[in-house]
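Residue numbers (this note's numbering), protein chains in the order written: chain R, 2 to 315; chain E, 143 to 262; chain X, 90 to 635.
By construction, these hints were calculated from the structure, which means they are not laboratory data. Yeah, the Cβ is synthetic: ideal placement off N, Cα and C, and Gly gets one too. A couple of the hints might just be wrong.
Partial pick of chain X residues on the chain E-facing surface, computed with a CB cut under 8 Å [stated by the list, open to error]: (1) Ser171; (2) Arg172; (3) Arg178; (4) Asp222; (5) Ser607; (6) Val611; (7) Asn612; (8) Asn615.
Taking lysine to aspartate or glutamate and the DMTMM-like style, the derived pairs with C-alpha atoms no more than 20 Å apart in a straight line are [unchecked claim]: (9) R:Lys306 with X:Asp174; (10) R:Lys306 with E:Glu156; (11) X:Lys506 with X:Glu490.
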Amino acid sequence: MVALQLGGAPAATLGEVKNRADLVIFWGSNPAESHPRHFTRYSGSAKGRMNPRGRKDRYIVLVDIRPTPSVKYADEFIQIKPGHDYEVLTAMRMLTNGNRPDMDSVGDVAIQTLERLVQRCKDARLGVLFFGQGITETRGKHQNSMAIYQFGKDMSRHSKFLTLPMRGHYNVVGSGNTMCWQTGYPFAVNFGRGYPQFNPGEFSVVDLLKRKEPDAALIVAAEPMDHLPYEAARHLENIPTIVLDPRETLTTKMADVVIPVKHAGVSVEGTAYRMDHIPIKMRSVLNSPWPKDDEPLSTIIARIKAIRKEEAET
Amino acid sequence: MTAVKQDEGITVTEHVVCPFCATLCDDLVIHVQNNQVVKVRNGCNLARGVFENAHKEWATPRVNGKEVPYDSAVEEAARILAASNNPLIYGLAATDVDAQKKCIELADLIGANLDNASSV
Amino acid sequence: MGIRIVNGEVIDPAHGEDRVKRDVHIKDGKIVADAGQDATVIDATGCVVMAGGVDIHTHVAGPKVNFARLMRPEDHRYEHVSREDGYERSGTGGVAATTYTTGYRYCEMGYTTIVEPAVPPLGARHAHEELVDIPQVDKAIFTLLGNSEIIFQYLEKGETSKINEYISWIMDATKSYSVKIVNPGGANMWKYRADIHDIDQKLRDFDTTPRQIILAIADAMATLGLPHPLHLHCNNLGVPDSYKTAIATAEAMEGRPLHLTHLQFSSYGASGKRKFSSEAPRLARMVNDNKNITIDVGQVLFGKTTTITADGPFEYHLHKLTGSKWYNGDVECEDGCGVVPYDYKRKSFVNCIQWAAGLELFLLIDDPWRVYLTTDHPNGAPFITYPHLIRLLMDKDFRREQVEKISAEAAAEIPLKVLDREYTLYEIAIITRSGTARRLGLVNKGHLGVGGDADVAVYRASRNWEEMFAKPAWVIKDGQVVAKEGKVTRQVFGTTMYVHPARGFADIEKDLADFFESYYTVNINNYPVGLEYLPRPELIPCQVKA
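Just chain R, same shape as in the assembly (with noise of 0.2 Å):
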């Protein structure tokens, strides 16, 4: 996110990639693990405009740090030293443009390897580097976002070519965008004085809760008893905490209130973005007795509202 906000990026929905890919990259990507149809669906062995044969007009390559289970869906596997990520892609940025680094490898990874990739990249019709968390959440996090978007602007200028973050929960980038349309900023915002600022390291929620300055939280589904580092989710056993959920969670299990909700997308209809930014409407298919989980933070806002006026009157 802050790669994109600092340079920007070349990018398209996924039937571009469906229609006339006929290069991709997976880097730091485990997609037959983590978004398993995302190779039948667009990226892989989807047929489309330019690709009547689906897999056979691709040529896959996948970049990592140690083989996947997704190594046997691509052409040609680029295993690299963990943590050098960055030294490789500047490597690939430096022969985009036209020097050649004077090593034999970085990163693991011979120089001709990469002198092919990069020609490939700058022979294809369109090609499309996909990344995932192996790259962004490891060291140099969004350093090296934006190394593969500052390649991808580079290589923009030999060949149609794409750089697509491989995004995880189903709706961050609805929470994103929603943010922003809202506040200027897709995370990390703070309204202590009356309008949205913006600092992650400041106000996003690891270094938030590290430092113990929340004295109340709201989560709403998601779960940082979970998925945050412990350091930090521990703070919220010692704060007064509100978990909206539809399912009991390690969260639900310590929070001090929980309110429970309709889920989304299977007992109650709603909007989510998928990765590429195309919003759809999800269905629903089981009943809940429990209301959508805008109505009872809908009462939140009017209660506090009436709370506030009742301190103001007295």
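Chain R is already provided as a structure; the job is to place chains E and X on it using the hints.
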């Protein structure tokens, strides 16, 4: 429109969107019997996990571990947030846009910190 | 209870009223003949009373606008709206503002209706989600169809009736008001890193040309009776000799109704020492001679902004030129977009020519009913600069002062330097509300006649036109006072206007199912945007010729 077929107590819904990962496949066919998903077509293992387990372990309204009427839980939540000087609202990535909008409105009202899984 | 605005001077060009001293009566959200004895009285002594402003072209919602917000955290850092100043919702952004802030700021300038003109069908759901969060104004979207592969396939086969049917279907599926074409065929070619440079150039994948695309869509829109005609962003926009393409495009229309949007960006020639010149006088002549054509200007004003357009290849060109941030977003089967921050500088020869060309269009087009005030927000400048632009049009001394500040080399070349015309208040009312409402086909807007929507702006008369238009004394939306002295006093929500054209021109159900199955990644059953996305829908009827 989506075909919803009723047959021998089984409701079949087509073109269902999977709320698991951001691939957001929208071609699932879900069979439901007695408010339980009994069959998932077109979905991957992860999708099957979401739908087939959806009827299990539903949360209940609670305050301090005790079951309470729904409105009491909501009231207690309002009380806690109204009294907070530096609240945190976190999550949003696994719910829909309407709920996300409400979270932002609430954060705006109470001067909260607001974050989603993008920062993790 | 009603409202009676007394002692003001009414400027209502739709009814030929120019500073007429009369009362304006409001009741139940409408302009009425008599608001009754119990009406609240607004004393508009020393004020002019106009209908609320109607912006025909402003990028305020949708996927690419949100990328523009995302990419400019530095813009939000300094520009914000705070709850501590009494606003219901806070927000940020001077250039690509957040949704609530956008609604408040339009309202505070006396605008009550805005049109987001460039939404790809797959982005329609997103655009509507944002429109819900824009308060104070009525809203509508135009759907991008100039790079639609479905239309291209029908064009190859000459299946006109299927094009009619598809456009009718897609208007409904996107809950849209009209059709926008951006760089016809160009966004499709950009999917191969190419562009289109001539309206008769063939596309790569499809046996068709921009000329054929434009004519087919314009004819379909006439058949459907859409209230606003084709809204067109020409090929070759933004480059020297773009004016030739604009003229060729206008000629191709052969008298069909056409709205050329942000024509300023298509008004460049290749003469002069720098091979970059204003051909605005030529385009103004073309507009003067062709009554079928209306334009909005897309004025450039100096300062930092963010460019946002469905013209992907143009944005790439701009990114290469400036080395600035660049986002590109191609949309499968439909269109594309790009976002690049930009800084218009007085020292830049090219920027000065652009600035002058816009003003030249305003001043050289004779009929104000056919030229509308826009900055192609935020491409030429953010919409909050409108009051400044109005002053540039109304005050020739002020304009002359500004010319003296620009690049001397540019100042010597621009046709603007000899233009003395000053817009009157009556003409400003036309180019900001009456004319735009009429061209949009909004019969209840842009005027103060009985039956009109009670959207009213009361401006305190001043010789400083910029101050006058920046802070209206009162703004009324749907019959309620919503802003005073340029500050929102009440948060309200307007409608989203859409059309529902007739169907039955051809059977395309199987075609669409096959096309979606083959080329889209979204299931056709999950594609249309339902009315539930429009909490306050307002259906505007189509006018089908008997």
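Outcome of the hint check:
1. Interface hint status for X:Ser171: violated, as the beta-carbon distance to the closest one in chain E is roughly 10 Å, over 8 Å.
2. Checking X:Arg172 against chain E by beta carbon gives a least distance of about 7 Å; that is within 8 Å, so the hint holds.
3. Taking 8 Å as the C-beta contact cut-off toward chain E, the hint placing X:Arg178 at the interface holds, the least distance being around 6 Å.
4. Interface hint status for X:Asp222: upheld, as the beta-carbon distance to the closest one in chain E is roughly 7 Å, under 8 Å.
5. Using the Cβ-Cβ criterion of 8 Å, the hint placing X:Ser607 at the interface with chain E is not satisfied: the shortest such distance is roughly 14 Å.
6. The interface hint given for X:Val611 is met, as the beta carbon of that residue sits about 6 Å from the closest beta carbon of chain E, less than 8 Å.
7. For X:Asn612, the shortest C-beta to C-beta distance to chain E is roughly 5 Å, which falls under 8 Å, so the interface hint holds.
8. A hinted interface residue such as X:Asn615 counts as satisfied when its beta carbon comes closer than 8 Å to some beta carbon of chain E; here the least separation is about 5 Å, so the hint holds.
9. With a C-alpha separation of about 17 Å, the suggested pair R:Lys306 and X:Asp174 falls inside the 20 Å cut-off, and the hint holds.
10. This hinted pair does not check out: R:Lys306 and E:Glu156 have alpha carbons roughly 42 Å apart, beyond 20 Å.
11. Taking the CA atoms of X:Lys506 and X:Glu490, the gap is near 11 Å; set against the 20 Å cutoff, the hint holds.
Taken one by one, the earlier hints fail for this structure at numbers 1, 5, 10, listed in ascending order.
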